[in-house]
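For this one, chain A is given, so just place chain B on it according to the hints.
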Amino acid sequence: MELITATSNTIQTQKNFFMKTKLPITLLVLLLVIFSKAYAQKTNKVTISGYVKEKGSGELLPGVVIFVKELSTGTETNTYGFYSVTIPKSDTVTLLFSSFGYTQQTIQVSLQENKELNIELVSEEKMLEQVEIVGVREEKVSETVQMSSVSVPVQQIKEIPTLLGEKDVMKVLQLMPGVQKGSEGNSGLYVRGGGPDQNLVILDDATLYNAYHLFGFFSIFNGDALKSVELTKGGFPAKYGGRLSSVIEMTMKEGNKEKLHGEGGIGIISSRLTLEGPIIKNKSSFLVSARRTYIDALIYPLMPKENRGGYNFHDLNAKINYDFGRKNKLYVSTYTGRDKMFFSSTYDNNTYKGGLYWKNTTATIRWNHLFNEKTFSNTSLIYSKYKFNIFEEDKYNGDLYKLNYSSNIRDYSIKFDIDYLPNPAHSFKSGLLSIYHLFTPSALVLRDSYSNENIKKATSIHSLENSIYIQDNWKPFPRFTLLGGIRVSNFITDEVSYISPEPRLSGAYKLKDDLSLKASYATMNQYIHLLSNTGIGLPTDLWVPSTKNIKPQASRQVAAGMAKDFSSKKLALTIEGYYKKSDNIIGYKEGATFLLIDDPSAASQINWEDNITSGQGWSYGAEFLLQKKSGKFSGWIGYTLSWTQLQFDSLNFGKKFYARYDRRHDISLVGIYHPSEKITLSATWVYGTGNAITLPISEYAAPTHQPNNPPRPNNPFYIDYVSNYGEKNSFRMAAYHRLDFGIQFHKKMKHHERTWEFSIYNVYSRQNPYFYFIGYEDNNYSSDSKRVLQQISLFPIIPSVSYNFKF
Amino acid sequence: MKIINAYIFLALLFTITSCISNVKDADLPSPETQLVLTSFISPQDEVIYVYIGKTKAIYGNEVSHSNDTIKDATIYIHDQNDTLWLYYYPGTQYYKAEVNSFKIEEGKTYYLKASTTDGLYAEASCTIPKAYDLEFNISVDSFKNSYNDSYTYTLNMDWQDPAGIKNYYRVSPHLVIITERNYGYPYNYTSSDTSYHEFYFYWLENYISDSGKDGNKITVTNGKTPSPYNPNVNTYSHYCGVKVIMFFTDENYYKYNTSVYKFDGENPFSEPVLVHSNIKNGFGTFAGYNKIEKLVLKQ
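Those protein sequence lines, which keep their order, are chains A and B. Sequential numbering from 1 applies to the first sequence in this note's numbering. Sequential numbering from 1 applies to the second sequence in this note's numbering.
Simulated from the structure, these hints should not be mistaken for laboratory data. This one's a predicted model, so the numbers in the text were calculated from it and none came from an experiment. The reader is advised that the hints may include incorrect statements.
Unchecked claim - For each label pair, taking beta carbons as the anchor points, the in silico distance ranges come out as: (1) A:Ile299 - B:Tyr151: 34 to 40 Å; (2) B:Asp214 - A:Thr379: 46 to 52 Å; (3) B:Lys224 - A:Glu609: 21 to 27 Å; (4) A:Ser782 - B:Gly107: 31 to 37 Å.
Each residue gets a CB set at the ideal place from its N, CA and C atoms; glycine is no exception.
In isolation and in its complexed conformation, chain A is listed as follows:
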């Protein structure tokens, strides 16, 4: 019997999709024309514009603050290092270019006509090699209107001690207030009460659907290939959308345009190597970065031939770019990473092999175009795919059983963004994004020569997610800045279409030079949902679209707070409070399971819509962050006080309950100290309230009505034993706390610089709970054994060593 079910994407439907996208494009062009007209009057103003690069590598620098001293106004470079500032004609003005980790550059220019000014900033690291730094100007938190955002310097990621020495962007983000980890060692982020599925993780504009290796213990991001990492957890600018809780935007380095540069390391888990250099000097460059684990290769030969298994993962990042001149730049980047677990056994001429793998692939082509000195655009074509696959093959007495189960999501996107910078009081951004999602929640191929079963089954769902936005960073008064915008998002599938306006507004008022008050409001919508396993980061996650029954998830968030810079001490303090209400959030019905490894062929029969339910959530809390980004001693103190509650009609008898990752208190202390050029010391201490979980507290017999069975006079009902859990998530796991310590020894060799790193994870070997289960006293099982609650702790004190080099 062969059964083939496939939902094909008809050409007609695709035509309809693209017809529908014409409207947003027309609107966008119309809006830009209006703005251009409004600001195109001839004035006595001139524009200075250009690119800011890193000296020595030609790497374009985003987020560089450009300050016009005489006018006390300024701007900053966009993601592609471009800036433009329009000011009145003047004899001379003083421009200050500053960015974290780079020495400030002061330039005096005479301004009688439009001017192109490209700047190269020297990195603080390079300056350290030469002279003591004077006048490094910190980016001030009190000067930006954006709140609830965190940028982590890539250098700090490399200095903070981690589990087994694997440097991990996500684990550093977990140390920030408002961001929590799920369970021990897990890289998943829980931002302001939202789940890991509510984070938009983007690498060079491409969405990554599963950003984790080894069941969540490590993230897929190789710090050596990254240029910048930015997390936004509230006050979202209109350019972001598609997820409820956060946006983690990462940009890959472009590759050194001037000379060949390499960086790598050998650790306990993996080794990595990054090479970058010019293809055509100062015109074109490349970057290739790879990482692979090797524990499988080491232990495989030691395993008995009849029973072998292993696990490995790898990452590969590559990027090339070409600079056509001031007006046009082209970037092509890709990422691919895969985890593979396999197992094989041979017995009596019968062989069995099986395993699973999961894989992310992204590719992005970006074209930067400068229309004029005030108008910059970027157009991206993006491909992203996530797939997991379970396979097994059993050859038994001449019969063959072969099974292949897979689930994947594929995205084809086009993204267009335009920046229009008419004057220092306004900075417009506008754009559109159209994503064609192709979901294959389950595909099964099964061949069984014994039962002559031959099944080929695939269900595909296609959908189109469109959005259009416009925002203005407006400075009506010197002390007051508003970032206002609107995003309109739309989701179309064969059966349903949703459209939602998403207003965004942030404001900052400067009370004093170094002190500002900020507030923000943002509405977000999420049209695609992640179905996962209960609290365990297995890769068997299914991404599914909104349907007629499963409405898009939505959230509204308000945040208010203050930002204060202590410039003389190089300290920045932010205190924020937030309140987030989410609707139509996804929950799993009681008894639901998405664990596919047990029986994937049965899993393909499950209708995922039957297993999920919609509800609402409330998250509120306060965050405190005192941060020192530079100097001999740097680091931060973060504290979060928060509450997260959920309510689903079909869960917990309809009553509100605390989310599993509701965390009343969360503390992070991070310190990095450079006593000399040759040594870096670092330590982190974290504390978090225990997770809220559901535990059985008592049990009882639960007779059920069995009218079909023959009547049994002595036992009219059928008796099952069930547990009483009390209310959902009413038990708190023990609190989590841990101290990590690391020391790095740097040494300059003839042709390269090497670093030995020694680190200790969980210095005082705290037994943090990972999982609870019911065990038996003295670990003896018999019918009269007493039951006890036992906890599994994963990692005691773990020392590690790694060797890193760069040239």
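Leaving out everything else, chain B in the frame of chain A:
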């Protein structure tokens, strides 16, 4: 499924570092003992049974399920006019009573009350739902199983949900087969007779709620006869119809039975199921149902 081996392999890698410890008693929940009552009543039943038991704390107690039979409880069911006392049914954990003059009637509300000599008390109420004379559309198909030439019968059926009221159903369709036998099979029939068999259709969803489908057609699919029917070479069988036993149940009946059915305490990967209860001060359920039975003959 041996892929689980791969997970075990990985779990073993972590067990190198992981450790297990007991959670201190002081940190554990300490629940009170409560009564457990369960009873299902309908106008069609002549005897009413009530199960009575107690909850048992998990931690610090032994694994075996206690059989602490409660023999001296006071249990009764009453409506506005009458009271039916139930008495301990020796050798079981049930109390029972024959209904006789105490009538269980459609639309009426009944109250169950129970107390024990150690001071535990619990109560609940239920209302008997209305039974409708439904028309069933039934389609039965069969296929031959290649490996032993047996037949599996499949069933799809639907009916019109009465609108404007919350309905809960429990449906039990049975395949009716007539077999003419030549010799020896089935063993329990005498020679040269015609036998009548009923096979219950499994695998279908038999607890059904009209939530979101009020007044619409309710469809039940994928019913399958349990073990493939293997007509002996010397018999001639033919299916002649489907007997449908339909229960119209109250909400508590539906929620309690489905939640116990879904309960899977052993599976750490599934969402915990909180078993439904309408017993005040206790657990279990007191639920009502009403029944119709129809034979739908093959056209």
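How the hints compare with the structure:
| no. | hint | in the structure |
| --- | --- | --- |
| 1 | A:Ile299 - B:Tyr151: 34 to 40 Å | violated (52 Å) |
| 2 | B:Asp214 - A:Thr379: 46 to 52 Å | holds (50 Å) |
| 3 | B:Lys224 - A:Glu609: 21 to 27 Å | holds (23 Å) |
| 4 | A:Ser782 - B:Gly107: 31 to 37 Å | violated (52 Å) |
Consistency note: the structure conflicts with the earlier hints numbered 1 and 4.
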